[in-house]
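The whole structure should be built from the sequences, with the hints applied where relevant.
Residue numbers (the working numbering): 6 to 485.
Hints in this document: simulated from the structure, not taken from any laboratory.
Misleading hints may appear alongside valid ones.
So the derived label-pair ranges between C-beta atoms look like this [stated by the list, open to error]:
hint: 1; residue 1: T381; residue 2: D445; range: 27 to 33 angstroms
hint: 2; residue 1: W121; residue 2: Q37; range: 42 to 48 angstroms
hint: 3; residue 1: V480; residue 2: K15; range: 41 to 47 angstroms
hint: 4; residue 1: N408; residue 2: E195; range: 41 to 47 angstroms
hint: 5; residue 1: K305; residue 2: T381; range: 22 to 28 angstroms
hint: 6; residue 1: M6; residue 2: D376; range: 45 to 51 angstroms
hint: 7; residue 1: K261; residue 2: E61; range: 53 to 59 angstroms
hint: 8; residue 1: D376; residue 2: E61; range: 47 to 53 angstroms
hint: 9; residue 1: D419; residue 2: D47; range: 56 to 62 angstroms
hint: 10; residue 1: Q37; residue 2: T381; range: 37 to 43 angstroms
hint: 11; residue 1: L448; residue 2: S320; range: 31 to 37 angstroms
hint: 12; residue 1: W121; residue 2: P329; range: 41 to 47 angstroms
Heads up, the beta-carbon is just placed ideally off N, CA and C, and yes, glycines get one too.
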Amino acid sequence: MLYKNYIDGKWVEGAAGVQDVVSPIDGAVIGQLSMCSAEDVDKAVEAAKRAQRQLEEMSVFERAEMLYRIADAMMGRKEELAKLLTREHGKIYSEALGEIVGSAGTFRECGDQIKWMNSKVIPYRETNKLCLSLMKPVGIYGIITPWNFPIGTPVMYYLAPGLAAGCPMIWNPATVTAAVASEFMKCIEEAEVPAGFLSLVIGKGSVVGDALSVHPGVAGIGFTGSTETGEIICSHAKIKHTTMELGGNGPVIVLKDADLDLAADKVMAGSFTNSGQVCTSTERVLIDDSVADVFVEKLKERMGRYVVGDPFDSSTTMGPMCDPGTVKIVLAHIADAVEKGAELICGGSLVENAPTKHYMQPTILDHVSKDALIHTDETFGPVIPLIRFKEETEIPALVECSNYRLFSAIFTKDVDKALVMAQKYNFGCVNINEGSNFWDTMLPAGGGGGSLSGHGRSGGKYSIKDFSEERLIVVNLQTK
Numbered sequence: 006m007l008y009k010n011y012i013d014g015k016w017v018e019g020a021a022g023v024q025d026v027v028s029p030i031d032g033a034v035i036g037q038l039s040m041c042s043a044e045d046v047d048k049a050v051e052a053a054k055r056a057q058r059q060l061e062e063m064s065v066f067e068r069a070e071m072l073y074r075i076a077d078a079m080m081g082r083k084e085e086l087a088k089l090l091t092r093e094h095g096k097i098y099s100e101a102l103g104e105i106v107g108s109a110g111t112f113r114e115c116g117d118q119i120k121w122m123n124s125k126v127i128p129y130r131e132t133n134k135l136c137l138s139l140m141k142p143v144g145i146y147g148i149i150t151p152w153n154f155p156i157g158t159p160v161m162y163y164l165a166p167g168l169a170a171g172c173p174m175i176w177n178p179a180t181v182t183a184a185v186a187s188e189f190m191k192c193i194e195e196a197e198v199p200a201g202f203l204s205l206v207i208g209k210g211s212v213v214g215d216a217l218s219v220h221p222g223v224a225g226i227g228f229t230g231s232t233e234t235g236e237i238i239c240s241h242a243k244i245k246h247t248t249m250e251l252g253g254n255g256p257v258i259v260l261k262d263a264d265l266d267l268a269a270d271k272v273m274a275g276s277f278t279n280s281g282q283v284c285t286s287t288e289r290v291l292i293d294d295s296v297a298d299v300f301v302e303k304l305k306e307r308m309g310r311y312v313v314g315d316p317f318d319s320s321t322t323m324g325p326m327c328d329p330g331t332v333k334i335v336l337a338h339i340a341d342a343v344e345k346g347a348e349l350i351c352g353g354s355l356v357e358n359a360p361t362k363h364y365m366q367p368t369i370l371d372h373v374s375k376d377a378l379i380h381t382d383e384t385f386g387p388v389i390p391l392i393r394f395k396e397e398t399e400i401p402a403l404v405e406c407s408n409y410r411l412f413s414a415i416f417t418k419d420v421d422k423a424l425v426m427a428q429k430y431n432f433g434c435v436n437i438n439e440g441s442n443f444w445d446t447m448l449p450a451g452g453g454g455g456s457l458s459g460h461g462r463s464g465g466k467y468s469i470k471d472f473s474e475e476r477l478i479v480v481n482l483q484t485k
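Structure representation (structure tokens):
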């Protein structure tokens, strides 16, 4: 099957040839992607320009109704989309179905929220001046998204709130999972979204992503992905409005008074959900040495819950990893940690006799050194590295070993202490007695300022605000 682009309300074959869609489950070719060129991006931008005034001038109620129609179309195709998502990505089917249903819900939430996000009157010192601040869309947006949540990330962070705000969108998904993106666009067609409101341009980031970033007709760029790619995009975008949700390696801090059973459950879920391929994953655990041995035993007791295998099998809890390059990084980080003195508790390698080399054993490492790559860099795989400390005064230096500042977590019964710690460290989010990867679309997500984790806030009304700007109108009242 050929998965096409959707530009100006039409299904289009790109000008840059085709690329195979290869399933990480068994290595089978399940279709081909029609790849776009920079010229195809030009066509999408021109379509967005033609549609821009129509979308901006729609009432918020009309936009809301459009988003509701998209949600209904997604729910009508949820099983079809989830099956393709699993086949193309490798995540277990229940997680894929949850991603589709949650994304449909986000369209509904954004439709609800835009109706209540009011413009305002600003008080002014002179009584004959009426100052109005109107919430208006920034303009045409280029959206560049990753493969780990191929529908959830674009919809929840960008597409639903962007359309709610009134911004035409041009979406460039990761080619690793672009087939399900193409199938999703059938929901846009079915919902009768006017031509040019949302276009899909499949293609390499170095071609399509770059073309969007530098295009003079594009007002803003929304990107979720690696810090390295985010830096390239920002250098190309220059003064464009940008929202960058980048890498994460936030620590989970387990203090000696923590509920260790709760912490163990949350750490394992945070490390192994979606095979660890989550930017807010539990990627390093800073733990008090006095409770670390007991904590390790609790983790080992729970390892039986995690079964790696066919993601369509209901007994499977972890499918294959999606991207072969990421598998190599995970294995390299484990080897580096062991070489620097870490103890391999379990896992640490690929699953033997698996259909492809994408199946990674869930892994626990203890006594990880503070200079290990798995402690300082983003790993993005199903690994729990334990870094021990003897005194709480050591925690700040351990936190500072990595400059990723996305999400983190603290486990302790002393909530006052946790609140002080949460305000001290520069993270976009700190969860207390909850896993590092807890998030909801109603909440703001993003990196701490000045870190490697990006800038801007995503989620519900926070995303809508990010796609909007305040336009000021001052009236000099002609009073007698």
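Consistency of the hints with the structure:
With their beta carbons about 29 angstroms apart, T381 and D445 fall inside the hinted range of 27 to 33 angstroms. In this structure the supplied range 42 to 48 angstroms holds for W121 paired with Q37, their Cβ-Cβ distance being about 44 angstroms. A hinted range of 41 to 47 angstroms for the beta carbons of V480 and K15 is consistent with their spacing of about 44 angstroms. At roughly 44 angstroms, the beta carbons of N408 and E195 sit within the given window of 41 to 47 angstroms.
A beta carbon spacing of about 26 angstroms between K305 and T381 agrees with the range 22 to 28 angstroms that was offered as a hint. Look at M6 against D376: about 48 angstroms separates their beta carbons, and that is inside 45 to 51 angstroms. Between K261 and E61 the Cβ separation comes to about 56 angstroms, which falls inside the hinted range of 53 to 59 angstroms. A hinted range of 47 to 53 angstroms for the beta carbons of D376 and E61 is consistent with their spacing of about 52 angstroms.
Checked against the hint of 56 to 62 angstroms, the pair D419 and D47 passes, with Cβ atoms roughly 58 angstroms apart. Restraint check, Q37 to T381: a C-beta distance of roughly 39 angstroms satisfies the suggested window 37 to 43 angstroms. At about 33 angstroms, the beta-carbon gap between L448 and S320 stays in the expected band of 31 to 37 angstroms. Distance hint check for W121 and P329: the Cβ-Cβ separation is about 45 angstroms, which falls inside the suggested range of 41 to 47 angstroms.
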